[in-house]
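Given the coordinates of chain A, work out where chain B should sit on it, guided by the hints.
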Amino acid sequence: MTTEPAIQLRDASLTFGSRTLWSGLNLDVARGEFLAVLGPNGSGKSTLFSVLLGQQRLSSGTARVAVREARGVRGGLAPRELGYVPQQGAVEFPHALRGVDLVSLGLDGHRWGMGLRGTAERRRRVADAIDAVGAGPFARRPLSLLSGGEQQRLRVAQALVGEPDVLLCDEPLLSLDHANQQAVSELIERRRREAGTAVLFVTHEINPILSYVNKMLYLVDGRFSIGSTDEVMTSATLSTLYRTNVDVVRIGGQIHVTGPHSAVCEDDPHHPHLQA
Amino acid sequence: MEDLFNFELTLRLLGLDFVRNALLAAAVLGVVAGALGPLIVMRRMAFAVHGTAELAFTGAAAALLLGVSVEFGALAGAVVAALLLALLGGRESERDSVIGAVLAFGLGIGVLLLWLHPGRAQNKFGLLVGQVVTVDSANLVVFVVAGAVVLGVLAVVYRPLLFASVDPVVAAARGVPIGLVTPVFAVLLGIATALGVQTVGVLLVIALLVTPAAAACRVTSSPVLATVLSVIFAEVAVLGGIVLSLAPGAPVSAFVTSIAFAIYLVSRVIEHRRLAATRTSRRLSQAKGVAATPR
Numbered sequence: 007m008t009t010e011p012a013i014q015l016r017d018a019s020l021t022f023g024s025r026t027l028w029s030g031l032n033l034d035v036a037r038g039e040f041l042a043v044l045g046p047n048g049s050g051k052s053t054l055f056s057v058l059l060g061q062q063r064l065s066s067g068t069a070r071v072a073v074r075e076a077r078g079v080r081g082g083l084a085p086r087e088l089g090y091v092p093q094q095g096a097v098e099f100p101h102a103l104r105g106v107d108l109v110s111l112g113l114d115g116h117r118w119g120m121g122l123r124g125t126a127e128r129r130r131r132v133a134d135a136i137d138a139v140g141a142g143p144f145a146r147r148p149l150s151l152l153s154g155g156e157q158q159r160l161r162v163a164q165a166l167v168g169e170p171d172v173l174l175c176d177e178p179l180l181s182l183d184h185a186n187q188q189a190v191s192e193l194i195e196r197r198r199r200e201a202g203t204a205v206l207f208v209t210h211e212i213n214p215i216l217s218y219v220n221k222m223l224y225l226v227d228g229r230f231s232i233g234s235t236d237e238v239m240t241s242a243t244l245s246t247l248y249r250t251n252v253d254v255v256r257i258g259g260q261i262h263v264t265g266p267h268s269a270v271c272e273d274d275p276h277h278p279h280l281q282a
Numbered sequence: 004m005e006d007l008f009n010f011e012l013t014l015r016l017l018g019l020d021f022v023r024n025a026l027l028a029a030a031v032l033g034v035v036a037g038a039l040g041p042l043i044v045m046r047r048m049a050f051a052v053h054g055t056a057e058l059a060f061t062g063a064a065a066a067l068l069l070g071v072s073v074e075f076g077a078l079a080g081a082v083v084a085a086l087l088l089a090l091l092g093g094r095e096s097e098r099d100s101v102i103g104a105v106l107a108f109g110l111g112i113g114v115l116l117l118w119l120h121p122g123r124a125q126n127k128f129g130l131l132v133g134q135v136v137t138v139d140s141a142n143l144v145v146f147v148v149a150g151a152v153v154l155g156v157l158a159v160v161y162r163p164l165l166f167a168s169v170d171p172v173v174a175a176a177r178g179v180p181i182g183l184v185t186p187v188f189a190v191l192l193g194i195a196t197a198l199g200v201q202t203v204g205v206l207l208v209i210a211l212l213v214t215p216a217a218a219a220c221r222v223t224s225s226p227v228l229a230t231v232l233s234v235i236f237a238e239v240a241v242l243g244g245i246v247l248s249l250a251p252g253a254p255v256s257a258f259v260t261s262i263a264f265a266i267y268l269v270s271r272v273i274e275h276r277r278l279a280a281t282r283t284s285r286r287l288s289q290a291k292g293v294a295a296t297p298r
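As you go down the protein sequences, you meet chains A and B in turn. Read in order, the letters of the first sequence correspond to residues 7 to 282 in my numbering. Read in order, the letters of the second sequence correspond to residues 4 to 298 in my numbering.
Note that these hints are calculated values from the structure, not bench results. Any given hint might turn out to be false.
These stretches of chain A come out as covered by chain B in the derived footprint (C-beta under 8 Å, 3 or more residues) [claimed, not checked]:
#1 91-97
#2 104-110
#3 113-120
Listed below are several chain A residues computed to face chain B (Cβ distance under 8 Å; list not exhaustive) [said to hold, decoys possible]:
#4 Leu-59
#5 Gln-61
#6 Pro-100
#7 His-101
#8 Arg-147
#9 Pro-148
#10 Leu-151
#11 Gln-164
Just so we're clear, the structure is a prediction, and the values are computed from it rather than from any experiment. Beta carbons: idealized from backbone N, C-alpha and C, even for Gly.
The following block holds chain A by itself, in its conformation from the complex (with noise of 0.2 Å):
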């Protein structure tokens, strides 16, 4: 581990006409921690990853990722250093696709021809992957009949094989169950607290990953607050970001929000920020 961080953000800004997603953003992501982004849709959450997988340009500023600039698709990281979660049915799998084959791309889909040597090596990595999040009773089924926890699994498994310094979570527990919420943010915590991975966590929900969450980014209509969440899941922090009268009520280790229903509780899941 380096003190170097992984993610890094200075006086960053994203503009599009006359509308600031945000503007003056500082964000340091250390190696080994757990950020998570919140914030309602359309604040600029999922703009934020594109901004980090080099997908989209800052108006102004700079964005760091594991020592690389991030900048035009081209000058982007690396895709080694990173592994990226997107949220459950963000892609409608074809029939002749089963979880293995996922996992296979996610290490070394990205590399060009047919990949006929090291397939040992490759079978390997990719079986512990999947031993790894407890999918091999269903990985070699096809996707497109597992549920969506057993997808959201696999995911993790093909963002993990690669052992990438930082993950990027895109609401990955949306539409799953309570059950396989907990499952799901347990498997992406073991990877931070075990390899020491950077994870960024955007969610609408905290409170699957509460007990994990060492720092938190809130991003509402160009304004945001980061700190940790004691820090940043207050009324009176959360009242300033919405710029309305918001309760933050804790009940048995859980965070809930009260407010203004419409601006602060969403259930709509968002669209993935990327188009194929």
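The following block gives chain B in isolation, referenced to the frame of chain A:
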């Protein structure tokens, strides 16, 4: 049609040079179409293949009018069409309508071009339903070279192309140059379509580029095995179709498409049984409490 089972006649015809050329060209097409097929199915491009084939006809009609080789015209038309459809139909929700609009216009232009060239109008029928027996040895060399180029490029782009096809969101996140592999695949598809237009014709090119792969994707969920099966199915359909058409002297297309469709139907029955078995084993494993747990 009473000659369908006249094996003596079939064997005699198989000894002829032009029949052998036709079979060799068809074999090349079978490998190329079979190899590209699963990717076409995964990318949901059956309609794009149809559109590309129609515009290959437009290209051929233009070549006829300009007095250059019809084969070259079909190739140029197909490649341009495939690229156009790939670049215009970016969003999946719009792709259908883009193809419909481009295809209708292209076909209209093709009809106009044929009308402007009244001399060899019978050629239009040849292009529409195929004229594999006109493949001569010079054409055969072109077939083999084009086939080798398509397979060679496919081998190089295969993994990122598969990644971008089945999982575009994560592929883009992992740095797969989707803006590069999409047009490359379009060009490969254009070349394969142009080859198909020469043998089974514009109207039935889907029988080789889509049907065998659609069948293969029903009987296996492994992309690699699906590709192998797709090649085998395409070969059986195209070679079997040509051989069966010899004795009765009937159009090749009818036989090729019938065989391909029969394979497809059988595959659907196999899939139905396979899925039923999967569901049963799943219910059993859940009943036994073999739920997957981490570690």
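Consistency of the hints with the structure:
Under the rule that three or more residues need a Cβ within less than 8 Å of chain B, the assignment of the stretch 91-97 of chain A holds, with 3 such residues. Residues of the stretch 104-110 of chain A with a Cβ under 8 Å from some Cβ of chain B number 3, which satisfies the need for three, so the listed coverage holds. Counting residues of the stretch 113-120 of chain A whose beta carbon lies closer than 8 Å to any beta carbon of chain B gives 7, which reaches the threshold of three, so the coverage claim holds. Among the interface hints, the one on Leu-59(A) holds; its C-beta lies about 5 Å from the nearest C-beta in chain B, closer than the 8 Å criterion.
Taking 8 Å as the C-beta cut-off, the interface hint given for Gln-61(A) holds, the closest approach to chain B being about 7 Å. At about 4 Å, the closest approach between the beta carbon of Pro-100(A) and any beta carbon in chain B falls short of 8 Å, and the interface hint on this residue holds. Of the supplied interface hints, the one on His-101(A) holds, with its beta-carbon coming within about 5 Å of a beta-carbon of chain B, less than 8 Å. About 6 Å separates the beta-carbon of Arg-147(A) from the nearest beta-carbon of chain B, less than 8 Å, and the hint is met.
The interface hint given for Pro-148(A) is met, as the beta carbon of that residue sits about 4 Å from the closest beta carbon of chain B, less than 8 Å. Of the supplied interface hints, the one on Leu-151(A) holds, with its beta-carbon coming within about 7 Å of a beta-carbon of chain B, less than 8 Å. Interface hint status for Gln-164(A): upheld, as the beta-carbon distance to the closest one in chain B is roughly 7 Å, under 8 Å.
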